[in-house]
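Trainee: Turn these sequences into a full structure, and let the hints steer you where they fit.
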Amino acid sequence: MTSLTIVRRIRARPSLVFDAITTPEGITRWWGPDDGPVLLAETDLRVGGRYRVRFRMLDGTEHESSGEYLEVVRPERLAMSWRWAGGEDPGQSLVEIDLRAIAEGTELTFTHSRLHDEETRRSHEAGWNGALDKLERHFLASLEHGGAK
Amino acid sequence: MENYHKELDRTFGALSDPTRRAILTRLEREDRVSVSELARPFAIKLPAVMKHLAVLQEAGLVMRSKVGRTVTVQLSPEPIREAMDWLRRYERFWSASLDRLAAYAEGKEAEMEEKGG
Chain C
3 MTSLTIVRRI RARPSLVFDA ITTPEGITRW WGPDDGPVLL AETDLRVGGR YRVRFRMLDG
63 TEHESSGEYL EVVRPERLAM SWRWAGGEDP GQSLVEIDLR AIAEGTELTF THSRLHDEET
123 RRSHEAGWNG ALDKLERHFL ASLEHGGAK
Chain B
17 MENYHKELDR TFGALSDPTR RAILTRLERE DRVSVSELAR PFAIKLPAVM KHLAVLQEAG
77 LVMRSKVGRT VTVQLSPEPI REAMDWLRRY ERFWSASLDR LAAYAEGKEA EMEEKGG
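Sequences listed follow chains C and B, in order. The first sequence lines up with residues 3 to 151 when you count with this note's numbering. The second sequence lines up with residues 17 to 133 when you count with this note's numbering.
Calculated from the structure, these hints are not laboratory results. None of the values given here were measured: they were computed from a predicted structure. All C-beta atoms in this analysis are idealised placements derived from N, C-alpha and C, irrespective of residue type, glycine included.
Selected chain C positions facing chain B (Cβ under 7 Å, derived; list incomplete):
| id | residue |
| --- | --- |
| 1 | Ile-8 |
| 2 | Arg-10 |
| 3 | Ala-14 |
| 4 | Arg-31 |
Mentor: Written out as C-alpha cells, the structure reads:
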C-alpha cells in the first residue's frame with residue numbers, strides 16, 4: 003500500500019469545504035493529527051502556486067510540509083505535491099482531493115499517493131502491479147490477528 | 017530517522033520481487049520450511065532461491081536455522097510491521113485532520129444557513 007484513500011461525507015456545501023482546505027484561515031482550524039496548533043499556513047492558490055503549513059503536536063514536536071498546487075478546480079478538485087520539511091520522509095508524494103455535491107452536502111475523496119515513491123518506481127520496473135498491496139494486507143491481517151500491534 | 021528510512025528501503029526493496037513475495041506468502045502459511053522444499057515450486061535453480069533468501073534475511077524478513085543437516089526458514093514479520101506503522105502514521109494524520117475539517121466546514125455551513133434564514 004503506497005497510497006492511502008479516505009472518503010468522508012460532510013454536511014456542508016462543496017465550496018465551503020474547498021475554502022476550508024485552501025485558505026490559511028481554514029487550514030489553521032483543522033490541519034494536523036491532534037489538537038496541537040497550526041503555527042503557519044501559507045497558500046498561493048493557483049496552478050504552480052505553493053503552500054506551506056507548519057504545526058505543533060501535543061507532544062511538542064513541530065512538523066512542516068509544503069508543495070505546489072497542480073490542479074485547482076473550485077469547488078470540485080484539488081491536487082498538490084507534498085513534501086515533509088527536514089527529511090522527515092524523504093521524497094515527494096501526491097495529494098488529491100475530490101469534492102462531489104451530494105444531497106447532504108459533500109462527499110470528499112482524499113488520496114495521498116506515491117508514498118515511498120522510489121520503491122514504488124523500482125517495484126514497477128520489476129513488473130510488479132499491486133501485488134505488494136495484497137501481500138501487505140495479508141500480513142497486516144495476520145499481525146492484527148496476532149495482536150502484534 | 018535516517019536508519020529508520022534505510023530499514024524501510026530494505027523492506028520495500030525486498031518485497032519488490034515476485035519470487036520473494038511468493039516465498040514470504042508461503043512462510044506466512046507454514047511455520048518452518050526447509051530451503052529445498054521452499055525452492056521446489058519455482059522454475060529457478062536452488063542457488064537463485066538462496067540468493068532471494070539472502071535478500072530477505074538481510075532485510076530481516078526471514079530467519080534461517082539449522083537442525084541437523086536441514087536448513088529451515090521462518091518468517092520474521094517485524095520489518096513488515098514497521099513498514100505498516102509508517103503507513104499508519106499517514107493514515108492517522110489524515111484521518112484526524114479530515115475529521116476536524118468536516119467539523120469546521122459543518123460549523124460554517126450552519127452559520128451560513130442561520131444568516132440566510
